[in-house]
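Fit chain B to the given chain A structure using the hints.
Protein chains: 2
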Amino acid sequence: MLNRVRSAVAHLVSSGGTSSQRSKSPDLPNATSAPPAAQEIPKSSREKPGNEVGAPQKTAETTLSFSRPTFLQLSPGGLRRADDHAGRAVQSPPDTGRRLPWSTGYAEVINAGKSRHNEDQACCEVVYVESRRSRSGTGVSREPSHNQGFCFYYWGLFDGHAGGGAAEMASRLLHRHIREQLKDLVEILQDPLPPPLCLPSTLGTPGVSSSSQLVSPQSCWSPQKEVTHDSLVVGAIENAFQLMDEQMARERRGHQVEGGCCALVVLYLLGKMYVANAGDSRAIIVRNGEIIPMSREFTPETERQRLQLLGFLKPELLGSEFTHLEFPRRVQPKELGQRMLYRDQNMTGWAYKKIEVEDLRFPLVCGEGKKARVMATIGVTRGLGDHNLKVCSSTLPIKPFLSCFPEVRVYDLTQYEHCPDDVLVLGTDGLWDVTSDSEVAATVDRVLSSYEPNDPSRYTALAQALVLGARGIPRDRGWRLPNNKLGSGDDISVFVIPLGGPGSSYS
Amino acid sequence: MLNRVRSAVAHLVSSGGTSSQRSKSPDLPNATSAPPAAQEIPKSSREKPGNEVGAPQKTAETTLSFSRPTFLQLSPGGLRRADDHAGRAVQSPPDTGRRLPWSTGYAEVINAGKSRHNEDQACCEVVYVESRRSRSGTGVSREPSHNQGFCFYYWGLFDGHAGGGAAEMASRLLHRHIREQLKDLVEILQDPLPPPLCLPSTLGTPGVSSSSQLVSPQSCWSPQKEVTHDSLVVGAIENAFQLMDEQMARERRGHQVEGGCCALVVLYLLGKMYVANAGDSRAIIVRNGEIIPMSREFTPETERQRLQLLGFLKPELLGSEFTHLEFPRRVQPKELGQRMLYRDQNMTGWAYKKIEVEDLRFPLVCGEGKKARVMATIGVTRGLGDHNLKVCSSTLPIKPFLSCFPEVRVYDLTQYEHCPDDVLVLGTDGLWDVTSDSEVAATVDRVLSSYEPNDPSRYTALAQALVLGARGIPRDRGWRLPNNKLGSGDDISVFVIPLGGPGSSYS
Chain A
535 MLNRVRSAVA
545 HLVSSGGTSS
555 QRSKSPDLPN
565 ATSAPPAAQE
575 IPKSSREKPG
585 NEVGAPQKTA
595 ETTLSFSRPT
605 FLQLSPGGLR
615 RADDHAGRAV
625 QSPPDTGRRL
635 PWSTGYAEVI
645 NAGKSRHNED
655 QACCEVVYVE
665 SRRSRSGTGV
675 SREPSHNQGF
685 CFYYWGLFDG
695 HAGGGAAEMA
705 SRLLHRHIRE
715 QLKDLVEILQ
725 DPLPPPLCLP
735 STLGTPGVSS
745 SSQLVSPQSC
755 WSPQKEVTHD
765 SLVVGAIENA
775 FQLMDEQMAR
785 ERRGHQVEGG
795 CCALVVLYLL
805 GKMYVANAGD
815 SRAIIVRNGE
825 IIPMSREFTP
835 ETERQRLQLL
845 GFLKPELLGS
855 EFTHLEFPRR
865 VQPKELGQRM
875 LYRDQNMTGW
885 AYKKIEVEDL
895 RFPLVCGEGK
905 KARVMATIGV
915 TRGLGDHNLK
925 VCSSTLPIKP
935 FLSCFPEVRV
945 YDLTQYEHCP
955 DDVLVLGTDG
965 LWDVTSDSEV
975 AATVDRVLSS
985 YEPNDPSRYT
995 ALAQALVLGA
1005 RGIPRDRGWR
1015 LPNNKLGSGD
1025 DISVFVIPLG
1035 GPGSSYS
Chain B
535 MLNRVRSAVA
545 HLVSSGGTSS
555 QRSKSPDLPN
565 ATSAPPAAQE
575 IPKSSREKPG
585 NEVGAPQKTA
595 ETTLSFSRPT
605 FLQLSPGGLR
615 RADDHAGRAV
625 QSPPDTGRRL
635 PWSTGYAEVI
645 NAGKSRHNED
655 QACCEVVYVE
665 SRRSRSGTGV
675 SREPSHNQGF
685 CFYYWGLFDG
695 HAGGGAAEMA
705 SRLLHRHIRE
715 QLKDLVEILQ
725 DPLPPPLCLP
735 STLGTPGVSS
745 SSQLVSPQSC
755 WSPQKEVTHD
765 SLVVGAIENA
775 FQLMDEQMAR
785 ERRGHQVEGG
795 CCALVVLYLL
805 GKMYVANAGD
815 SRAIIVRNGE
825 IIPMSREFTP
835 ETERQRLQLL
845 GFLKPELLGS
855 EFTHLEFPRR
865 VQPKELGQRM
875 LYRDQNMTGW
885 AYKKIEVEDL
895 RFPLVCGEGK
905 KARVMATIGV
915 TRGLGDHNLK
925 VCSSTLPIKP
935 FLSCFPEVRV
945 YDLTQYEHCP
955 DDVLVLGTDG
965 LWDVTSDSEV
975 AATVDRVLSS
985 YEPNDPSRYT
995 ALAQALVLGA
1005 RGIPRDRGWR
1015 LPNNKLGSGD
1025 DISVFVIPLG
1035 GPGSSYS
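The listed protein sequences correspond, in order, to chains A and B.
At position 468 of the first sequence (counting the first as 1) the number is 1002 in the numbering used here, and the numbers step up by one without a gap.
At position 439 of the second sequence (counting the first as 1) the number is 973 in the numbering used here, and the numbers step up by one without a gap.
No lab work stands behind these hints: they were computed from the structure.
Just so you know, even glycine gets a beta-carbon here, dropped at the ideal spot from N, CA and C.
There may be inaccurate statements among the hints.
Stated by the list, open to error - Simulated pairs of lysine-lysine, DSS-like, Cα-Cα distance not exceeding 27 Å:
{"no.": "1", "chain 1": "B", "residue 1": "Lys717", "chain 2": "A", "residue 2": "Lys888"}
{"no.": "2", "chain 1": "A", "residue 1": "Lys759", "chain 2": "B", "residue 2": "Lys887"}
{"no.": "3", "chain 1": "B", "residue 1": "Lys905", "chain 2": "B", "residue 2": "Lys848"}
{"no.": "4", "chain 1": "B", "residue 1": "Lys924", "chain 2": "A", "residue 2": "Lys759"}
{"no.": "5", "chain 1": "A", "residue 1": "Lys759", "chain 2": "B", "residue 2": "Lys933"}
As the list claims (entries may be wrong) - Derived Cβ-Cβ restraints for the label pairs, each shown as a range:
{"no.": "6", "chain 1": "B", "residue 1": "Pro827", "chain 2": "A", "residue 2": "Glu824", "range": "19 to 25 Å"}
{"no.": "7", "chain 1": "B", "residue 1": "Glu892", "chain 2": "A", "residue 2": "Glu824", "range": "44 to 50 Å"}
{"no.": "8", "chain 1": "A", "residue 1": "Glu902", "chain 2": "B", "residue 2": "Glu892", "range": "41 to 47 Å"}
{"no.": "9", "chain 1": "B", "residue 1": "Pro1016", "chain 2": "A", "residue 2": "Pro728", "range": "53 to 59 Å"}
{"no.": "10", "chain 1": "B", "residue 1": "Glu951", "chain 2": "A", "residue 2": "Ala783", "range": "56 to 62 Å"}
Claimed, not checked - Okay, the calculated bits of chain A under chain B, using three or more residues with CB under 8 Å as the criterion:
{"no.": "11", "region": "718-732"}
{"no.": "12", "region": "762-771"}
{"no.": "13", "region": "841-848"}
{"no.": "14", "region": "866-873"}
{"no.": "15", "region": "935-946"}
{"no.": "16", "region": "986-992"}
One chain only, chain A, in its complex shape (with noise of 0.2 Å):
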């Protein structure tokens, strides 16, 4: 019930990516060049300038097959509490060592049984952008100037599925995409002046980020659009889920990536938050009490229509099999020229039509909530990987109807002075399964209330709570919330990061 792909493709479980493949383009972040297990000794989490391929580094083989983030800094004890499902113990970074940036908070816990290991992962950076140009130069600085480079503050919450390679792959490397991205942007983003229309061909030319570099408008019959600062920074991320799912695919026997994740991040850049969704885990804002919403999911049910339009236009990606038609249920051979209720690509209404033999087919999205599926088979439309996905007992491929793209949301920092309560709560469905925007707030203004406003660690219990609060504990035979209805059985993992005074708190 709570698999996101059904039983039949959700065994395959991932055994991490401990691979020494290469990737093929020297531009494009390495799949190895990141520590993915827990073992490693947690170092300064500010990468290093000119760090974007880095040099593979050697993991330890161990017997452990999967990984959690380095920031919980596990002991091989530890990581077997972890992966315990009869436990179900909350993990969050150790109070002695060094704090996540902002003094985020975080808090994990395993599912109940639902998969071997826990498939969320998770990842909080401070990454370095050096500018494409300064690196082309005659000589690389050490120590950068203004114009040089900047830094991103990053979080990532990725919530995997038939296996968790996809979700391991996307903590490791999507921020490096991002910074690929970035880096043709540094001197764009940091003048005052609109981004210019049009570039030289030349990387690394000076001279980029002047205006004179605008071609002199020209459309008599179309002033032309300006384009914002905020528009190329979500540019820049839409394309980085491209080309980390483009990676994934490349790579994915390697690095034995079978399965897909969704995928939520954040990026805190010149004075805002853009906060991109992939998937069906949430974020919002508390501010003083209020919930502002910062996401939207992505499944089969709120992506009916993009998914059908899909189905209807290019028919041969339905097989045999299914019809883009939606019906309330799977229709019956018997009622074959019944009128039955349905609707098509373009209705948000339901109507009658005479059934005939085509719609004896299945559809391609059926079912409600939790249950709904794209090809009785996935019940989330956005996020990496998922190359391999086939419709059970068949060849048909379901990857051309999910999409890598996240919607992004940006938040200006700059237009409101935050108090050290206001929050942004990132979960992953663990925890908006069982739990709403407003029990949410509530348990914002109940844990932070109790703890000092300078006290960096109410961040951690917050998220603690978040987290505990979603599981329950364990009475008559399940995980049962205080009400008696059950817990979250699935993976839950939350980040809660601090909104007043970014960086302050930065240890």
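For chain B alone, kept in the frame of chain A given last:
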């Protein structure tokens, strides 16, 4: 500038629907079944039961090749004044005649010369829907009982382009298509039980409304979806729009329906308002001073991603002339090899790409605001008609990119106790191009507060004030608003529908 379709195709001027050609299908509303012109003596707006096809009525052949809504009750002299671009007299139904249902206010004014006639049309009707079941029985009752039928109230604004023919045809026939779609639903909509998933094949079989018609749920894998009564009405409206569009395609030559039209229609049915919009007209509710948007506009900008996706999936629709990529302005040959801002069908942000030869093609979507165009031709992406529309100096059809499907929003009138100052305002883009939602709300407050709450003429006065406020007065070689900005030179049409006590003031 005001034309939705570039001047190359805008010179086609409709001469109204006076052809005697009959609809081919006896089940469909007939294009000649309603009086098209204002010369008719006004009759009761309540249509007779069973009159869905209607005998062709002889229409007065006059030298006037255009028509205005019947309810304006225009004399030949009045018709000439309504057609006068220089005077631009505001037209409303006469105070002395029969009021529109609910004391609805209406006002319109012709454009300042952009087209020969006023290409807006309007319709306001009370439509009786008789069940197919009651008619297919042995006796047709003259006094239909509760279950044999119901009435809906109907308001429609149709904003034509490239001629007034499509708007004129839609104003006469769209509500009849809606009636046809609702005929199958008469018993179902009046039955408190959920709609049956499946109906017997034979129309008019007794017992259709009974829940015993529910085929027992199958689907261990997927529980059957619950379909609401509302969504059946929405589906009926959606299909009616499609059938209206198909009828225009079939009959366009005989009726000289060369252009197209936006359609904004409202149904009041069984306690709820259904607001259906296909185009760039707009509906808002002003309730206790608060603005509730009841529609959104469909333009090349708001539908950019749908259009680009279609061009990407079906490149043959672009010919060799267009690219599905968007650029901030047209790319020039000398920019080959340079990198220019672009976005594709998946992106909301912008990024740079190296210009290749194919990028020199014209962008499928270009321009901003009122100048935005699909294929450099049309500025509205949903509506009825336009079956003949081609790219200027080309045989490439544009219709595949246009959608005839409305977005339908539902407003439950019973959920709030409305006062006499609460209104639903419908306007063509002539109103909204120069008037914001909040300016309309201010005018609602100003005008209605100057009339007694029970004065039925107050809504017409409000409609007139809105039209006058958007038209302005002739000054400094143009029509000017009080702030000296240009008023709208477009056709302007406005309905004001009072929400306080539906039907109570119907005379």
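| message | 41 to 47 Å was suggested as the range; check whether the CB atoms of glutamate 902(A) and glutamate 892(B) agree with it. | response | This hint holds: roughly 43 Å between Cβ atoms.
| task | Examine the region 935-946 of chain A for residues whose CB is less than 8 Å from any CB of chain B, and state whether their number is three or more. | result | holds (count 4)
| Checking C-beta pairs, does the region 762-771 of chain A have three or more residues closer than 8 Å to chain B? | holds (count 8)
| proline 827(B) versus glutamate 824(A) beta-carbon gap, inside 19 to 25 Å or not | 21 Å, holds
| field | Given coverage of the region 841-848 of chain A by chain B, tested with a Cβ cutoff of 8 Å and a minimum of 3 residues | value | Contact hint for the region 841-848 of chain A vs chain B: holds, 4 residues under 8 Å.
| query | So the hint says 44 to 50 Å: do the beta-carbon atoms of glutamate 892(B) and glutamate 824(A) match that? | reply | 48 Å, holds
| Would the pair lysine 924(B) and lysine 759(A) pass a check requiring their Cα atoms to be no farther apart than 27 Å? | The hint holds at about 26 Å.
| Range hint 53 to 59 Å (beta carbons of proline 1016(B) and proline 728(A)) holds or violated | 34 Å, violated
| Keeping to a limit of 27 Å between CA atoms, is the pair of lysine 717(B) and lysine 888(A) held or broken? | 16 Å, holds
| Between lysine 759(A) and lysine 933(B), is the straight-line Cα distance small enough, at 27 Å or below? | 26 Å, holds
| query | Range hint 56 to 62 Å: satisfied by the CB atoms of glutamate 951(B) and alanine 783(A)? | reply | 58 Å, holds
| said: Against the 27 Å threshold, does the CA-CA distance of lysine 759(A) and lysine 887(B) hold or violate the hint? | reply: Status holds; Cα separation ~16 Å.
Comparing the model with each numbered hint stated earlier shows that hints 9 and 16 do not hold.
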